[in-house]
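S.K.: The lines below spell out each chain.
4 protein chains.
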Amino acid sequence: MRADPGLLAELVDANRILAGQGVVDAFGHVSVRHNESADHFLLARNMAPGNATTDDILTFGLDGEPIDAEGRSVYLERFIHSEIYRLRPDVVSVVHSHSMSVVPFSVSQSARLRAVCHMGGFLGCDVPNFEIRDVCGAGSDLLIRDGVSGGALARTLGSGAVALMRGHGSTVVGPTLRLAVFRAVYTEVNARVQLQALQLGAVTYLTPEECDAATKGVGSQVDRAWNYWKAQADGPRR
Amino acid sequence: MRADPGLLAELVDANRILAGQGVVDAFGHVSVRHNESADHFLLARNMAPGNATTDDILTFGLDGEPIDAEGRSVYLERFIHSEIYRLRPDVVSVVHSHSMSVVPFSVSQSARLRAVCHMGGFLGCDVPNFEIRDVCGAGSDLLIRDGVSGGALARTLGSGAVALMRGHGSTVVGPTLRLAVFRAVYTEVNARVQLQALQLGAVTYLTPEECDAATKGVGSQVDRAWNYWKAQADGPRR
Amino acid sequence: MRADPGLLAELVDANRILAGQGVVDAFGHVSVRHNESADHFLLARNMAPGNATTDDILTFGLDGEPIDAEGRSVYLERFIHSEIYRLRPDVVSVVHSHSMSVVPFSVSQSARLRAVCHMGGFLGCDVPNFEIRDVCGAGSDLLIRDGVSGGALARTLGSGAVALMRGHGSTVVGPTLRLAVFRAVYTEVNARVQLQALQLGAVTYLTPEECDAATKGVGSQVDRAWNYWKAQADGPRR
Amino acid sequence: MRADPGLLAELVDANRILAGQGVVDAFGHVSVRHNESADHFLLARNMAPGNATTDDILTFGLDGEPIDAEGRSVYLERFIHSEIYRLRPDVVSVVHSHSMSVVPFSVSQSARLRAVCHMGGFLGCDVPNFEIRDVCGAGSDLLIRDGVSGGALARTLGSGAVALMRGHGSTVVGPTLRLAVFRAVYTEVNARVQLQALQLGAVTYLTPEECDAATKGVGSQVDRAWNYWKAQADGPRR
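Chains as they are written, first to last, in our numbering: chain S, 1168 to 1405; chain E, 1168 to 1405; chain R, 1168 to 1405; chain U, 1168 to 1405.
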């Protein structure tokens, strides 16, 4: 079982793009399902994603354990990835982050994150919010440290594209690596727009049909964004 | 029919300035009416505007179709441009963007974008908001994919400088390329100021007469801004 | 009458620092009273301040007219500077800007900018807001285009350090060039803090005595900030 | 008594990381207890922290006075550090800053800074706010200029990790230099999230037990953040 070098390179790009766009900082991670085995996925070792290289990518099984770590430390929260891959055969990539404008929605008792602009259509009309207290009680450190809490998060995600995690961040999935990254960026953008719009009063959201249409329509646009963000992550910032 | 090389270079600068000022990112586009034909306009091929070069500029007719694409893909929303050029002989340049502080006004049911500072005088006392549901129903992807929706947007714009597009962004026009770019930047600035001012309570806006005077007064200042923004886009950011 | 080369260099630094700190962009300007004549002041020609060099500095009289422009265009709003120097012999430097967080206070009908943190002590307990309609009627372009409106602004400023200008920006003065720059930066910082604090509910402001003490106490700190901001404007941004 | 060169280098890194992350600008400072004497601490001379080198690090006693300044000027507010080291034997490092999103909580009469996300667990359920008027009256410049006010601040901090300082900023402590820096960054992050969340309505905060667990859980993550922030401070920003 050997990872496609092109996929490895793309996963490194994904790490660097997410850092460049401010979705991840020292924390957060992105994985992709293995090209030769649906029961494995690729994910960096425990490190800031913006610094990852192909040498830092490890292979994990669906139990969340690495098969080639050779002593290198791994992300505590790898079970976010493994449990979602287990429950969602359609998911090819998972992004977990603490991006700044999304966290407020995860702790709000009244506002719910939802699609307010066409780029956020994939969010639909109500993004579920995972409350870890329901699984681990009111004394956890909020981290997904095992398969039990990872499985509960995966069930909260359901068939959707995004789940918030109360007081913590969010997890975004997609049918391709590029689309998962795209969605992670636009989850943050939509949250920022929604935060500001709500300060102006009542808001017109996308209808369910608009969400569906916008989600389909965006497909052909993903590469344009990917290439632009990659150039920004590669080149000198001007 | 040959495009003036100076105009092509200026259109490339416009693309890069709008990216540098954060008005466009991977998405958004800027066009200019052709120097030899009022029935044609110049617009980049389908790409992130910040990366455009003169080789990427295509020529379009007022039906929104390119005449020299030679297989290169084009922006889905080119009909924004074609229909405005058709209805507004005075318009020489069109900018479409999703700039961050403007979108909240496009989805607010109560607040209306309007001139709150002298640099935004061209916005006047009420910026129209295009509701695509009125043309395409409540199940569209919010994009201007044809001449029909483009024409409806152009009619919403009317004789104004800016039209919001609900859940999507805005379109800004001008009698010169530089002035359209200038207005696109200051639409965003005015929106940011207005968002913050509304959080403080009631706001004093510009009167219609102040809007007119500020719009006229700003003419001589456009080159100062253009040259500064161009230097920022060209040079290393310090 | 010859300008001190050290003063010219410091004025260029002031221009670049204000651009680097985001107080000015393509617009805004900073002047200093002439070292050999209290009836003259130094100010860049009409240009984006961040690009100014010593060759761009002109000498103006207290009538607001340049004596050595040699055909170069000058700022429309030079009368802000001339009229303040005329009325305020203690003022050695004037900064005019549209810095982003200050403008909202200039258009708010309820909130008043005032010192909320020790770095903003010089703002005192109520920053005056210049309403140009009182001088030029409700149809002006909001610019200070002559000595009459400049004089009215100077009288609104009174003996203070800062005057807001409704729908436009602010003007900040100081007994030294460095202190005027320092105050312009911290007017923006104080405004940003106050905007956010007001969203949390009632605010504790500095007392008049605290304002006085903080204004005196900050004197020895100005060079620390100046040198840091100058290094940022000079060097590559890391 | 000789400072460990590795500790000196790490203190310089701390200065540069805090500047790079926007916690300090021209103002603010970070100290560490001396490796050979619990009655001494290391702190830069009076300068912008982002420019500090190992040559700029001085040694101070618990009276707040330097023993090796050799005429170099020292921070006015060094008593923040000396008095906390005196009262809190467990504290190894102290960071004082005016970071932007924290100051609004220091002047709010209703909102209290507290842990809203797992990275801010160390904040607990109520961060104390030091009111200097209680010690120095209502006419001070808000600075900690002597041991008396420093001692009062230290008592307000109590056994906690963070104390706000009304109209001024905050002081953050930790059992290691790296953890104090980590906490200073995430105090700002938590404040930004809480500011935005409060604008959406009622907020779910961490429980005391969650705060405790998150504080313990974060220990192993500090080096990941430190190394990432250090690389950002060292390298060219891309």
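Careful: at least some of the hints might be erroneous.
[Stated by the list, open to error] Label-pair distances were calculated between CB atoms; the ranges are:
(1) E:Asn1394 to R:Glu1376: 54 to 62 Å
(2) R:Asp1235 to U:Glu1232: 17 to 25 Å
(3) U:Asp1222 to R:Cys1292: 36 to 44 Å
(4) R:Gly1189 to S:Ser1326: 41 to 49 Å
(5) E:Ser1240 to S:Thr1221: 55 to 63 Å
(6) R:Thr1220 to U:Asp1301: 24 to 32 Å
(7) R:Asp1257 to U:Asp1301: 34 to 42 Å
(8) S:Pro1342 to R:Gly1189: 48 to 56 Å
(9) E:Gln1276 to S:Ala1398: 33 to 41 Å
(10) R:Pro1256 to U:Ser1277: 54 to 62 Å
(11) E:Gly1402 to S:Glu1298: 48 to 56 Å
(12) S:Ala1236 to U:Lys1383: 21 to 29 Å
(13) R:Asn1394 to S:Asp1230: 33 to 41 Å
(14) E:Asp1293 to S:Ser1204: 56 to 64 Å
[To be verified] Chain E side only, calculated, beta carbon under 8 Å to chain R, not exhaustive:
(15) Thr1323
(16) Leu1367
(17) Thr1371
(18) Glu1377
(19) Tyr1395
[Said to hold, decoys possible] Here's a subset of chain E near chain S, in silico, CB distances under 8 Å, partners left out:
(20) Gly1189
(21) Ala1193
(22) Thr1221
(23) His1265
(24) Ser1268
(25) Val1270
(26) Gln1276
(27) Ser1277
(28) Ala1305
(29) Ser1307
(30) Val1315
(31) Ala1319
(32) Arg1322
(33) Ser1326
(34) Gly1368
(35) Ala1369
Keep in mind the hints are simulated off the structure, nothing from the lab.
Ideal placement from N, C-alpha and C gives every residue a C-beta, glycine not left out.
S.K.: Next step is simple, just say for each hint if it's right about the structure.
M.R.: Results of checking the hints against the structure:
Distance hint for E:Asn1394 and R:Glu1376: a CB-CB separation of about 47 Å, inconsistent with the stated range 54 to 62 Å. As the Cβ distance of R:Asp1235 to U:Glu1232 is approximately 53 Å, the hint placing it in 17 to 25 Å is violated. For the pair U:Asp1222 and R:Cys1292, the supplied restraint of 36 to 44 Å holds, since their beta-carbon distance comes to about 43 Å. Between R:Gly1189 and S:Ser1326 the beta carbons are some 44 Å apart, a value that agrees with the proposed interval 41 to 49 Å.
Against the hinted window of 55 to 63 Å, the Cβ-Cβ separation of E:Ser1240 and S:Thr1221 comes to about 31 Å, which falls outside the hint. Distance hint check: the CB atoms of R:Thr1220 and U:Asp1301 are about 51 Å apart, inconsistent with the given range 24 to 32 Å. In this structure the hint that R:Asp1257 and U:Asp1301 lie 34 to 42 Å apart at CB holds, the actual value being about 35 Å. In this structure the hint that S:Pro1342 and R:Gly1189 lie 48 to 56 Å apart at CB is violated, the actual value being about 41 Å.
Separation of E:Gln1276 from S:Ala1398 is about 38 Å and conforms to the stated range, judged on CB atoms against 33 to 41 Å. Between R:Pro1256 and U:Ser1277 the Cβ separation comes to about 45 Å, which falls outside the hinted range of 54 to 62 Å. Under the hint 48 to 56 Å, the C-beta atoms of E:Gly1402 and S:Glu1298, about 49 Å apart, fit the expected range. S:Ala1236 and U:Lys1383 have their C-beta atoms about 24 Å apart, which keeps the hinted 21 to 29 Å range intact.
Between R:Asn1394 and S:Asp1230 the C-beta distance comes to about 56 Å, which lies outside the given range of 33 to 41 Å. Between E:Asp1293 and S:Ser1204, the C-beta spacing of about 59 Å keeps the proposed range 56 to 64 Å intact. The interface hint given for E:Thr1323 is broken, as the beta carbon of that residue sits about 26 Å from the closest beta carbon of chain R, more than 8 Å. Contact between E:Leu1367 and chain R, as hinted, is supported at the beta carbon level, the nearest pair being about 4 Å apart and thus within 8 Å.
Hint status for E:Thr1371 relative to chain R: holds, with the closest Cβ pair at about 5 Å, below 8 Å. The interface hint given for E:Glu1377 holds, since its Cβ lies 6 Å from the closest Cβ of chain R, which is under the 8 Å cut-off. At a threshold of 8 Å, the smallest CB-CB gap from E:Tyr1395 to chain R is about 4 Å, leaving the interface hint in force. Interface hint at E:Gly1189: violated, since its Cβ lies 12 Å from the closest Cβ of chain S, which is beyond the 8 Å cut-off.
Hint status for E:Ala1193 relative to chain S: holds, with the closest Cβ pair at about 4 Å, below 8 Å. Interface restraint check: E:Thr1221 against chain S, minimum CB-CB distance 18 Å, threshold 8 Å, status violated. The interface hint given for E:His1265 is met, as the beta carbon of that residue sits about 7 Å from the closest beta carbon of chain S, less than 8 Å. Using the Cβ-Cβ criterion of 8 Å, the hint placing E:Ser1268 at the interface with chain S is satisfied: the shortest such distance is roughly 7 Å.
Checking E:Val1270 against chain S by beta carbon gives a least distance of about 5 Å; that is within 8 Å, so the hint holds. A cut of 8 Å between beta carbons decides the hint on E:Gln1276: the least distance to chain S is about 4 Å, and the hint holds. With 8 Å as the threshold, the beta carbon of E:Ser1277 comes within range of chain S, its nearest partner Cβ sitting at about 4 Å, so the hint holds. Against a cut-off of 8 Å between C-beta atoms, the interface hint on E:Ala1305 holds, since the closest Cβ of chain S lies about 5 Å away.
Below 8 Å, beta-carbon pairs count as interface contacts, and E:Ser1307 has one with chain S at about 6 Å; its hint therefore holds. For E:Val1315, the interface hint is violated, the least distance from its beta-carbon to any beta-carbon of chain S being 16 Å, above 8 Å. Below 8 Å, beta-carbon pairs count as interface contacts, and E:Ala1319 has none with chain S, the closest being about 17 Å; its hint is therefore violated. Annotation: interface hint on E:Arg1322 violated; nearest CB of chain S at approximately 20 Å, more than 8 Å.
Checking E:Ser1326 against chain S: minimum C-beta separation of about 26 Å lies over 8 Å; hint violated. At about 13 Å, the closest approach between the beta carbon of E:Gly1368 and any beta carbon in chain S exceeds 8 Å, and the interface hint on this residue is violated. Because the closest C-beta pair between E:Ala1369 and chain S is about 14 Å apart, greater than 8 Å, the hint is violated.
Consistency with the previously given hints fails for numbers 1, 2, 5, 6, 8, 10, 13, 15, 20, 22, 30, 31, 32, 33, 34 and 35, ordered from lowest to highest.
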